[in-house]
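Protein sequence lines correspond, in order, to chains A and B.
Just so you know, we're using the numbering used here here: the first sequence kicks off at 10 and counts up by one.
Just so you know, we're using the numbering used here here: the second sequence kicks off at 10 and counts up by one.
Simulated from the structure, these hints should not be mistaken for lab results.
Don't take each hint at face value.
When chains are identical, the list treats them as one kind, so a pair holds in a single copy or across two.
[As the list claims (entries may be wrong)] In the EDC-like style, the derived pairs of lysine to aspartate or glutamate whose C-alpha atoms are separated by at most 16 Å in a straight line are:
1. Lys603 / Glu280
2. Lys49 / Glu628
3. Lys603 / Glu281
4. Lys131 / Asp305
5. Lys49 / Glu78
Protein chains: 2
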Amino acid sequence: MITQVLIGILSGAAILTAGILIGHYGISQSSSGAPPSWLKDVAKDVDESLIEKFLSEVDNIQIQENLRELTKVPHMATTAGDEQTVQFMLKRWQDPETGLDQAWREEYMVYLSFPDPKNPNKVTVVSPSDTVLHTAREKEKSYTPDQDDPEVVQPYAAYSPAGHAKGKLVYANQGKPSDYQLLNQTIDLRGTVAITRYGGAGRAAKAINAAPYGVLGVLVYTDPLDINDGLMSDIDETYPHSWYLPPSGVERGSFNTHYGDLLTPYLAAKEETYRIPAENITGIPNIPIQPVGFEDAYTLICDVKLDIFNHEEVKNSSNVMGVIRGSVEPDRYVIYGNHRDSWVHGAIDPSSGTSVMLELTRVLGSLVQQGKWRPRRSMIFGSWGAEEFGLIGSAEYTEQYFAKLSERTVAYVNVDIAVFANATLRASGMPSVQNILFAAAKQVDAPGLDSTSVYDNWVRYANRTSPALGIIPRVGYLSGAGSDYAAFVHYLGITSMDISYTYDRTKTNARIYPAYHTAYDTFDYASRFIDPGFVSHQAIARTAGNVLIRLADSLVLPLNCSDYAEILEDYLGTAMTLYEHQLRARNISMEPLKRAVASFRSAAAHLDRVIRTSDLANETPLKVRRINDQLMLLDRAFLDPLAFPNKHAYRHVIWASSDAGKPTFPGLADAFATAESSGQSRHWDKVHYHLSVLSQAIEGAAHTLVDVI
Amino acid sequence: MITQVLIGILSGAAILTAGILIGHYGISQSSSGAPPSWLKDVAKDVDESLIEKFLSEVDNIQIQENLRELTKVPHMATTAGDEQTVQFMLKRWQDPETGLDQAWREEYMVYLSFPDPKNPNKVTVVSPSDTVLHTAREKEKSYTPDQDDPEVVQPYAAYSPAGHAKGKLVYANQGKPSDYQLLNQTIDLRGTVAITRYGGAGRAAKAINAAPYGVLGVLVYTDPLDINDGLMSDIDETYPHSWYLPPSGVERGSFNTHYGDLLTPYLAAKEETYRIPAENITGIPNIPIQPVGFEDAYTLICDVKLDIFNHEEVKNSSNVMGVIRGSVEPDRYVIYGNHRDSWVHGAIDPSSGTSVMLELTRVLGSLVQQGKWRPRRSMIFGSWGAEEFGLIGSAEYTEQYFAKLSERTVAYVNVDIAVFANATLRASGMPSVQNILFAAAKQVDAPGLDSTSVYDNWVRYANRTSPALGIIPRVGYLSGAGSDYAAFVHYLGITSMDISYTYDRTKTNARIYPAYHTAYDTFDYASRFIDPGFVSHQAIARTAGNVLIRLADSLVLPLNCSDYAEILEDYLGTAMTLYEHQLRARNISMEPLKRAVASFRSAAAHLDRVIRTSDLANETPLKVRRINDQLMLLDRAFLDPLAFPNKHAYRHVIWASSDAGKPTFPGLADAFATAESSGQSRHWDKVHYHLSVLSQAIEGAAHTLVDVI
């Protein structure tokens, strides 16, 4: 009986088990369908343990060795040294163990300007009878073997026309329009040579502003007060004794107002692309200009002669591109980039950033090659060429792939100069990236500080009070064209950010790190004075990499539109204070702008609420995608290709560059400044026009954030 | 024993059943997760039985009654009659049983031009001493009570300036530049009044072309040879005896070159929007112009006097909008539209299209309201205002919602004049819609023909030989701004089509249906001469509705990029034949364009292969979405806002309007024509520039079709 019962129980159990198995595998596979294998993947969110792993593997010594390799020789755009770095990047990104899925180069034929090595530019002091009394240095003084490299380019102003100028020297401060205007009230500027200091105005502007007054040539130097906290002696004060600029150091640079290749505006500079005649280029100097060291600047008196032998050439410049394919949404791109070309050895500018990028791709590439990880979205890495001549490589890239990049890019992360100095994080970007920067910075230790995060350190150095969040670190704006983010922000309207480590402003007033664009920006300089131990580099690699992984892996894009609304409200408040009274007197209403910002705020709050109250991991992936598209495309809605007809490739109505210098909407601020100074009714019409452009763009952006139908 | 065995079997079965139930419902819900409920929805494809249901429910008598209601009174834009149609549309679209999910009106303040009812425009023949010898009719002759309606607007040329002109009458053919040029060789045109016939040049152009020769005023009439197959007598030949235009019939129209509100280019015309000064408007006549009937045209001799009292007004114009929310991808829009405003009763233009739209929304709305169906994607219906004055309602809508519509619109379907005549389908659109038009047309019976489909009938009337498909119906191109598709095609780059029923060209040479824009375009005219029984209307409703449902419900968007490649190759072939020889002689290479078209072809073939070889119903919905985004955004890649600086809101480099009249790329054709006629090198540079613009756009489009990373 017991046996029978046992058999009964056992067979019952067996039958039950069979039934369970049939029910589970048999029926669920046939009738209602098994959950498909991709179901988990599409719902997966960012993996915090992966981020921890990434952070722990970022190695400061690897960064140091990257930098050592990258700075072996000068690598000015399109030179043999540049090609060497192209090969190095390709080798690293194609490495089967630590490389990316794929890497390749893309070439453009771009218009560059160089001095003539056989006929160097000359700056001389001459007597009235043309006897040479003093000749300015042709090369910077040598302190380490780096400066003796024959490939060190003579200091020059790229895109200065060749030519000869002789005249009485006049000091024109920073070469701003107001500087020349003021000077012209007391001195007849016709036939003079102006000497200006760096800062205050764009490089090209110093010459462009001078020409209408009859100035024949311009010199530009770096003032010790602006760069060296006043120190001047290379006996014990300047490099190699400190980070300060030696007396003979000269900042090179591109003297070019626009960005991208100058001969092919809005077109990728391929071999057969139409090129405008060089004489139609705007925004470059129309009189000779040359940079000099402060040593020479201080010896120049009376009659000064400039003999400039620059020449222009169309040369082949390469971007090096690398990708990690996304697993779930390969058609969504997170782009990370930095330029590769320098003026001389470029240890800080740009190789600090390139060293960081290489370390970051090494860690991510290894995870991919080992099969341990693949991002949800695709990652694209760009090592841009010819940035120093005007952000050319990145601009041409965006021109060539305009549609594809506009449609699919989630965000662009730029790390150019990774470390200016080792005090604190500095980050700029669209307001929607604030939150992801904060999240990343909280997870990274501040270099050289025990148990303080990059975030906690940052908020001490630069903060603001947010109406919603209280005291938070201050994130800057990308309203200019200071690095390769320009085309992404201004031409494509892609949400972007720029990340670096920077100064303690209580310790220096240097306009920028003193060796900037000089022959002293070397590995020695970087490793001794900028970031000994490369721990700030490491902190940047960790922070930027963390941002990158979150952008690529988060189920819902970590972009916050309410933070955007806060900044629009701030801009609106400033605009109301500055302009409303005068505009009302001219019957121009600011109400549409007020309404637009209010619409945006309420639309942003609505979308936030949808995100907060949805169980997105369990809903259709198309709902997540819909919300992500709203977030991704937000900045695209602010583009207006007709808003700034006189600014090349500026289309973003919130972040375009502005001359008015007011912390508010750029087109409105500039139009108002023009109208106020001219008083002409057609200029007041322009203000009204810009208000309409702006209101429509902000309303248009708000329409993209509300319920989709 | 048997009992025991039975009990054993039964209990075994019960246990097995319990197991199955546990296995199926218990385990699958807890451990591995049940297939989520949305899984079927996201994989669902178009339902052919739904299409059959739709086709069978489209009712010709309903269309007839819609038309009767819509044409009760004249409904020129912004008049009381227009408001009556707004109310009618809203009532229908808000009907709880047959309406849409939601319907509302959107208003714009737009710049219109009207005659003065108290001071009608006058055309008179005067003696040298100013005695009036003949006065042209102020109103058309009345044959039915419709023409007696006091709201019938006097025939006039909208946007003609008010003014008085007197001069010797000269016949200037169609008022093309060449017509005036030729005439000026034998006659001194200064001080004359020109009479021109409709056709050959845009309405406004007839006056704009004349002014430089000193012509003081222009008349325009409809020649019986162009519209009536030569018939002229209202005793037995013209309406009400036939569809032909009575002698006193006058075509009204907007004499305006651009489209959209003239005072607010690129900005939605809201109350506080900035308006350009009216004197800055371009593209409208600068001398008075007035249309007359051929009856009057033939009596005008010697000295003719024009007294034009038109005035401009900013008036409130409404679009009526309605939506059906999408179930799976609500953020994808299929837009269907037609204008609502007419010049007089507008039975054919536009109410034939509006009647069709209302029938189509009645059938779809009923299915939605009964809970029987909801489209995968959202459907948006637009009843546009003020089209007759320059496509204003649709253009303002696209300006206001630019970002949202650009990002999300799958396609725009336009049915304006639904039935010109009852012989055959006529369809125009981007090449990618060819296939869906064919699919839809094959499922609809041709009106009045037994067992012949609309497709089979169509291919007899208008066909071409496709390299890939053999003999197929010819789909036209949307290269002008003939109806409300213009802003969608040219400004937003949205894949669009325009559908109607039209003539047997062996039976008439009429330029357009003869009552076009006259007081005779009435319900009586439509129901007796255009489409007795409304069966062609029904065929259009079925065809367009079928297209609409397929666009909204197909899993993979039914847009074909290889068909696009075929037309680009055709354009390229023409361009090579016409231009290559001369361009090579000027060192301008067409190779980049050839390469671009080849890239596009291979990218299109690749995407087609991906679609063909994927099991998309079982893969992640994000893969389907990715492919659909590639298809949806294809036309966006052809936009270049800087390619046509002199053409308002033309940005699509393949379909922009062209003056050269060559079946090839419009910017290239126009630039070539200019260069060839001027011979200036700067004009040849423009040709090279346009080649680069075009090659980059086509390459850019190809980049969007290849593997996404």
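Hints that the structure is at odds with (numbers, increasing)
5
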